[in-house]
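Hey, can you work out the whole structure from these sequences and the hints?
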Amino acid sequence: MISSSIARKLAMALSGVFLVLFLGQHFTINMTSVISEKTFNSISHFMGTNPLVQFVLQPILIFGVLFHFIMGFILEIKNRKSRPIKYTTFNGAANASWVSRNMILSGIVILSFLGLHFYDFWFPEINYKYIEFLPENPDRYYEELVHKFHDPIKVILYSVSFLFLALHLYHGFASSFQTVGVNNKFSKSIKLFTVAFSIVVPLGFVFIAVFHHLNGQ
Amino acid sequence: MSESLRNDGRIWVPKKLEDAKAIREGNLKPTDLAEEDRDYYLERRYPAFGNLVPRDVASRAAKERCDAGFGVNRTGEAVYLDFAAAVIRYGKEQAHIKGLNEEDEVLVKNLGQEVVRSKYGNLFQMYEKIVDQNPYETPMMIYPAVHYTMGGVWVDYNLMTSIPGCFAIGEANFSDHGANRLGASALMQGLADGYFVLPYTMGDYLSDDIRTGTIPIDSSEFEAAEKDVKDQLDAFINNKGIHSVDYYHRKLGKIMWDKCGMSRNEKGLKDAMLEIKALREDFYKNVNVPGSQNEFNEQLAKAGRVADFLELGELFAKDALERTESCGGHFREESQTPEGEALRDDENFTFVSAWEYNGEPADAVLRKEELKYEEIEVKTRSYK
Amino acid sequence: MNLTLKIWRQANAAAKGNMETYPISDVSPDMSFLEMMDVLNEELMVKGIDPVAFDHDCREGICGMCSMFINGEAHGPDRLVTTCQLHMRKFNDGDTITIEPFRANAFPVIKDLTVDRSAFDRIQQAGGFVSVNTSGNTQDANSIPIDKHDADKAFDAATCIGCGACVASCKNASAMLFVSAKVSQYALLPQGKIEATDRVLNMVKQMDDEGFGNCTNTGACEVECPKGISLENIARMNREYYSASIEG
Chain W
1 MISSSIARKL
11 AMALSGVFLV
21 LFLGQHFTIN
31 MTSVISEKTF
41 NSISHFMGTN
51 PLVQFVLQPI
61 LIFGVLFHFI
71 MGFILEIKNR
81 KSRPIKYTTF
91 NGAANASWVS
101 RNMILSGIVI
111 LSFLGLHFYD
121 FWFPEINYKY
131 IEFLPENPDR
141 YYEELVHKFH
151 DPIKVILYSV
161 SFLFLALHLY
171 HGFASSFQTV
181 GVNNKFSKSI
191 KLFTVAFSIV
201 VPLGFVFIAV
211 FHHLNGQ
Chain C
1 MSESLRNDGR
11 IWVPKKLEDA
21 KAIREGNLKP
31 TDLAEEDRDY
41 YLERRYPAFG
51 NLVPRDVASR
61 AAKERCDAGF
71 GVNRTGEAVY
81 LDFAAAVIRY
91 GKEQAHIKGL
101 NEEDEVLVKN
111 LGQEVVRSKY
121 GNLFQMYEKI
131 VDQNPYETPM
141 MIYPAVHYTM
151 GGVWVDYNLM
161 TSIPGCFAIG
171 EANFSDHGAN
181 RLGASALMQG
191 LADGYFVLPY
201 TMGDYLSDDI
211 RTGTIPIDSS
221 EFEAAEKDVK
231 DQLDAFINNK
241 GIHSVDYYHR
251 KLGKIMWDKC
261 GMSRNEKGLK
271 DAMLEIKALR
281 EDFYKNVNVP
291 GSQNEFNEQL
301 AKAGRVADFL
311 ELGELFAKDA
321 LERTESCGGH
331 FREESQTPEG
341 EALRDDENFT
351 FVSAWEYNGE
361 PADAVLRKEE
371 LKYEEIEVKT
381 RSYK
Chain G
1 MNLTLKIWRQ
11 ANAAAKGNME
21 TYPISDVSPD
31 MSFLEMMDVL
41 NEELMVKGID
51 PVAFDHDCRE
61 GICGMCSMFI
71 NGEAHGPDRL
81 VTTCQLHMRK
91 FNDGDTITIE
101 PFRANAFPVI
111 KDLTVDRSAF
121 DRIQQAGGFV
131 SVNTSGNTQD
141 ANSIPIDKHD
151 ADKAFDAATC
161 IGCGACVASC
171 KNASAMLFVS
181 AKVSQYALLP
191 QGKIEATDRV
201 LNMVKQMDDE
211 GFGNCTNTGA
221 CEVECPKGIS
231 LENIARMNRE
241 YYSASIEG
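Chains as they are written, first to last, in our numbering: chain W, 1 to 217; chain C, 1 to 384; chain G, 1 to 248.
Pairs of lysine to aspartate or glutamate, DMTMM-like flavour, derived with a Cα cap of 25 Å:
#1 K63/C - D271/C
#2 K188/W - E232/G
#3 K205/G - E222/G
#4 K47/G - D282/C
#5 K188/W - D152/G
#6 K191/W - E222/G
#7 K267/C - E341/C
#8 K78/W - E210/G
#9 K86/W - D209/G
#10 K240/C - E43/G
#11 K129/C - D95/G
#12 K379/C - E325/C
#13 K78/W - D209/G
#14 K81/W - E222/G
#15 K148/G - E93/C
#16 K153/G - E114/C
#17 K98/C - D152/G
#18 K302/C - D116/G
#19 K270/C - D345/C
#20 K205/G - D121/G
#21 K205/G - D116/G
#22 K90/G - E137/C
#23 K254/C - E35/G
#24 K153/G - D198/G
#25 K148/G - E114/C
#26 K129/C - E60/G
#27 K251/C - D50/G
#28 K368/C - E171/C
If you are wondering where the hints come from, they were derived from the structure by calculation, not from laboratory data.
Written out as structure tokens, the structure is:
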């Protein structure tokens, strides 16, 4: 069944929605860092030590990320093969938005960002907990966070990535509804919601980065 | 599709010649003409049926007005199909139903246009694309045009032609529409013949051959026919003449339109026959078909069809010449009532003309299929 | 108007093909695009150049044959028109117009601007029909009550003329709009619901086998469709597909 085009699209949509949900949760938790150091530390500690989160949800999330971008590449390659001889003149802008036609590009930028983000946060966490088995310290998270945004280049890289995240979400989130078959009188409101999400969440992330950069000076 | 527009449109031309001239020159707009200056000629001539008279009557009436100088486009070949009255009528009806103010002209117009859009929106859009005028705001310009052809290959009630085992269905034959094909019927006949008739009649014919074994494919008749076709294709490709196929097609079309069209007369038809014969000879001598045979070659395909038209056209003219009465779509100027309606000659022409192939179209032999009506009395249509 | 036409010429399916440039003058703004092509072809034949082969039939926008990719858009820059309904007044004196065939892996070029769209026919044959018992037990379709909203939507979906502009416009050469229009026109009506499961599964399978790409919801197809077929149909087909996949 996973060979059918529609089934593959559904898989992209569902994995994408799953990642959007993760993003919502990640955004909410990280926003606490600009409100209360104590709250951020306690939630982060919970997420970092709770066995359900660490050994069930985390692998699922990793699988979701891998699946989404690997399937994305597979589909992109298949789609390009569907027109092996290109038009000499193709006016794609006349009928479809740039973002909708360049999801692979925004996707690659986000993937590259993920590499950087893993280097900044995930690898050190895995190292601290499961390789060096360092002692639990429920108050280390906030300091580590602020430290990471000290470097202005980092803040800029993050912010540019968040821009591409916004672009990717702007098309992808609403598109996932169409793929699962939701297209009715509520679709206008749904589009409004997804657009709001695509702007507010990345903007919020930029705000968090800049906030900690300025605060930590 | 466009026939349905006559349900609600009113057909008119200006009453005064100078108004028509002004409109043609672009100095006057139809929406500026008052009601009393408009000639709703179909309503005038045919009070009982008005704008809903059949195509042959409506076409001749449009031609008559345009020939008299009242045509409204640049070439003088157009009459107006006006929806303004329908918009107001529908608008008032909708206002009444909704309990709104029927005297509010703007409201009525909007409501009426909505109704018209829901009924004819697709046709109005097509019109606007072609003419670049908004048919919701200004009357449409229309004129009769060649659409299908009347008559066709003779077939019996089982749709078999005079060649045993060769059946002809759809618009190619004359079965359902005979002498006077009017209205959106070609598709209907194709479906009716193919779906309801042929499955039974062809099966019945083939049942006689149920004990016939395999038919050999090397028969002299087939080989002769195949050679004819191949020779003709070769001739077209190798002719390397000077005129394209379309050149001949257009010339033929003009002769047919002028002399074998909505209105015919003896001289015109005799001229047409001679002109078409000469054109046909010119075609075989001078047609240029580019390309080769064994590729996708539209010009070669067209050449074969235009070759057929060049025979059929002359035959049409001959048939029209023989039938000196007017009947249905066939209108002979020599045979009309004082009001300009078709005048039949039932005593001499109550038959279907079937033409037997005899080489040149001019030499075709007339076979009469007499029409004997037992249950009905033959009448003349009147739309007054 | 005087124009410069850049047209794709390809002698046959195996040939590589290339763009050729032809000037054309005295084009009337009231001409349709195909009339302009006819005039061009007459001039080419006089010069001994092979005329440009292109598909056409009704020349009034309802048959789905004419199919030119003009200045980077299927059926040209105007909306809700086929190539034969595109008129030269949409262009300006001195313009250069690029004309290519509808390109897709599933639409092999036959010659010049004509492509083989029998992939669409095969998709239709796979399930785009309602089976009817004609041996005397036929039920009159008109006696089954149908919700007008469904009937209207089915009718709108049925206006698809199968021209392939959707495939041509899609960056992925996806045929989803076409297939979903055909699926929808039946799926919305009681007569069509009977075979809905087999229909959608078979038609989608055929679509995939033909080598069309995947839909990524860019919406280009809906914009370029000469009949204005809606993206809603794709969502509907997705739903049909999912429930059919579960039902089996």
